[in-house]
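**Student:** Take these sequences, add in the hints, and give me the full structure.
2 protein chains.
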Amino acid sequence: MTVEPTTTLSSTIARVRDLAEHVASNVRVQGWLSNCRSSGKLLFLQVRDGSGIVQCVVRKGTLDDDLFEALKRLPNESSLEVSGTVKADERSPGGVEMSVDAARIVGEAAEYPITNKEHSTGFLMQHRHLWLRSSKQAATLRIRARIIKSIRDYFDSRGYVCLDAPMFTPAACEGTSTLFEVDYFGEPAYLTQSGQLYGEAGAMALGKVYVFGPAFRAEKSKTRRHLTEFWMVEPEIAYAELDDVMDIAEEYIATIVSDVLADCRPELEALERDVSKLEAVVPPFPRMTYTEAIEKLGAAGREVPWGEDFGAPDEDYLSSTSDKPILIHRYPASFKAFYMKRDPSDERLTLSLDMIAPEGYGEIIGGSERSADLEFLEKQIAEHDLPRADFEWYLDLRRYGTVPHGGFGMGLERVVAWICGTQHIRECIPFPRMLNKIYP
Amino acid sequence: MTVEPTTTLSSTIARVRDLAEHVASNVRVQGWLSNCRSSGKLLFLQVRDGSGIVQCVVRKGTLDDDLFEALKRLPNESSLEVSGTVKADERSPGGVEMSVDAARIVGEAAEYPITNKEHSTGFLMQHRHLWLRSSKQAATLRIRARIIKSIRDYFDSRGYVCLDAPMFTPAACEGTSTLFEVDYFGEPAYLTQSGQLYGEAGAMALGKVYVFGPAFRAEKSKTRRHLTEFWMVEPEIAYAELDDVMDIAEEYIATIVSDVLADCRPELEALERDVSKLEAVVPPFPRMTYTEAIEKLGAAGREVPWGEDFGAPDEDYLSSTSDKPILIHRYPASFKAFYMKRDPSDERLTLSLDMIAPEGYGEIIGGSERSADLEFLEKQIAEHDLPRADFEWYLDLRRYGTVPHGGFGMGLERVVAWICGTQHIRECIPFPRMLNKIYP
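Just so you know, the sequences run in chain order A and B.
Mapping the first sequence onto this note's numbering, position 338 (from 1) lands on 320, and the numbers just tick up by one.
Mapping the second sequence onto this note's numbering, position 342 (from 1) lands on 324, and the numbers just tick up by one.
Note that these hints are calculated values from the structure, not bench results.
Since we're looking at a predicted model, the values are computed, not measured.
There could be a bad hint or two in this list.
Identical chains blur together in the list; that is why a pair holds if it fits in one copy or across any two.
No more than 16 Å apart at the CA atoms, straight line, and that leaves these computed lysine to aspartate or glutamate pairs for EDC-like [claimed, not checked]:
1) Lys202 - Asp165
2) Lys202 - Glu169
3) Lys419 - Glu169
4) Lys419 - Asp372
5) Lys419 - Asp83
6) Lys204 - Asp355
7) Lys259 - Asp305
8) Lys259 - Glu341
**Tutor:** So this is what it looks like as structure tokens:
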């Protein structure tokens, strides 16, 4: 149904987020009804437009009576335009409310399936296309977008070239058990698990690059830290050694957190995030070797045999000892990737690093200095049973002008989860893909 | 082989692009040998570091004789560090050259396969990981990165939220003949052809969004305008109508061109691009309806029956009539997507738009106002034989708060090709994927 207004909508369209700049002016907001409450001759419409929510007060008699009644019984999430005078109001979120003098119902909604009562996660995920409208979900996606901008600005302003690695690859970079296979015109191809090797070719051409795009892992495990499709950021820097990579990772993460703190206060509030935890994320971050971490775990009664990887509880313990992210470096080669450079002072070790987020959010960065040595890599490819022909181009990077170089990979959704204080990374991407989960 | 310097390398590391800021200072450049020429007691090393190329002059006697001789016979693309005094030199690209007083060979290259002679495209594509180092290829990728930044800045600064659409989808958005199928834990899934429908859900939650990520088309045709994997930008705006979408598309394209002109002069020079062609790309762009375009073609002796789509030669003719991109709007529904809103003044027409680049670079933008009408879309889904169950979530967007909205899609590589003046879009993405082409 549509009920036309008897008064005229303002021709000045404003976004809710900017309303404080329009106090005492008459503006129009285009949005959706988030909630409606009536009290005698007043209607309190909560109107959201995607940038924020504003309370709009309608006094009976201001509008045509039919329209007033239609608004009063309008289902949530109906679309509408309201216009009126913006008034400063310190009690309101955003500091303003609107005194309505004209309104138009654009599209009356059917009974909205998401209500104030508790819904199961399965139900909400099945309605992900609508759940995005909820204030916490929308806040998470706005913070995600701010983090993406922060990442790109960090690299763009420092001379890195954005280099998009291919999604279709002939071979696995990080092990074959979690590969998605595609029918590529009758031949098998695989979806990328990491753009790093391509990033290395890019760094030899352009000096400093970053790959930023989707990556895929056919993870059969259902954990709160895994998605089958996620976004990964992978800088790669020619002439960088391990210490350079650690310094960059530290400055980079601190910059992201500081940008979100500067620009996303309303979103952090909507998420009830304890911002003091984020304000603590200032360089320098604690650094320790793998071997020191093993000793630290042992002293706390958590025995991990030297040469084995940490489990998530071990990482959680280590991260609980600091209110900043921690950098762990020089992991044993036994469980690290074939291309990592060995530590010249102990050949059992790689020149690798992981960064563990505080508050139990786990690993957010993994990286290393890469081996620049052709013979070593040829041996590694053979020992790891990798298909040599698929790696010839990668070996060319050592045949023609090899240089020390390194970089890291950061899983975007894990960082969004940590910064937002969200337990499950499935809420940190607009349309999560998991085992048995591909709709909507 | 490594020959250590007898003199010491400068501790100030500078990028070639920034050398003009270091005139009369002693700095170190870390890079690769692009070319070497000797003339009596002088060596002229062209050193590239990914940000640019600088001529480095070595005078015999300055360095150890062994090192001088090693540099003289050093293969191209060997990696090396040189340091010395930066001197202003108007004849040099970048306006500087370096007078070398110390050098170090980092990694001597094997005989480099790409030389100054003509190579076949097949050969260069097989060596894409090395071809990226060539000055035109590197310039193209730097312009690509600048365009990506320009796109994101355009939207980020105007209140759009970056919304990443999924790569795995249950159904086709743009027709089923060009879908890539993936084995998703035993069930078929498809790689996305467009994020638009997800962008629409995002616009209802966040007001204005843009999707920017890879998209896939199993194109069997080998043309210079097609890739199987490409990057697509898709803004979607709640409460926008066709004219709004056209205005945005025009301002957006003009902004990208103007940013590249401002920041990428060395790259445009390397590509020998006629920048006057780009300087002409200033709003307003010519606009015409599909029907007017048909008449224009007919007047030029190019008969296209009303109701049929234009071919590439028709678009090339239309674009040749203007030195700016042209906007064609209101195409017949017969060959346009199911979700487009019909023109209320003529139901045979959609409220659609295409933008055709100048100089024969073809369609770079396609978009429309979307239908906000539930019943119309239900009918369309049935008539187009689309799997209704997969579109229920999309129909929910009309059930719950439908609003006028619209947007467009832009193929990134086509815009890079046009701006760079590159004939084939395979050179406009770091690692192109085509029929029979997945290596490296």
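**Student:** Give a verdict on every hint.
**Tutor:** Outcome of the hint check:
1. In this assembly of identical chains, Lys202 and Asp165 lie within 16 Å of each other by CA distance solely across copies; the values are 13 Å between and 21 Å within a copy.
2. For a Cα distance limit of 16 Å, the shortest separation of Lys202 from Glu169 across copies, 14 Å, qualifies, whereas the shortest one inside one copy, 24 Å, does not.
3. When the C-alpha separation of Lys419 and Glu169 is checked against a cutoff of 16 Å, the pair qualifies only between copies, where the shortest distance is 11 Å, while the shortest distance within a copy is 26 Å.
4. When the C-alpha separation of Lys419 and Asp372 is checked against a cutoff of 16 Å, the pair qualifies only between copies, where the shortest distance is 13 Å, while the shortest distance within a copy is 32 Å.
5. In the homo-oligomer, the alpha carbons of Lys419 and Asp83 never lie at most 16 Å apart, since the shortest distance is 46 Å inside one protomer and 62 Å across protomers.
6. Taking the shortest Cα distances, Lys204 and Asp355 never come within 16 Å of each other, neither inside one copy (39 Å) nor across copies (38 Å).
7. Taking CA atoms no more than 16 Å apart as the test, Lys259 paired with Asp305 passes inside one copy only; the shortest distance there is 7 Å, against 55 Å between copies.
8. Taking the closest pair of Cα atoms, Lys259 and Glu341 come within 16 Å of each other only inside a single copy of the chain (9 Å); across copies the shortest separation is 55 Å, beyond that limit.
Hint check: violations occur at hints 5, 6; the rest are consistent with the structure.
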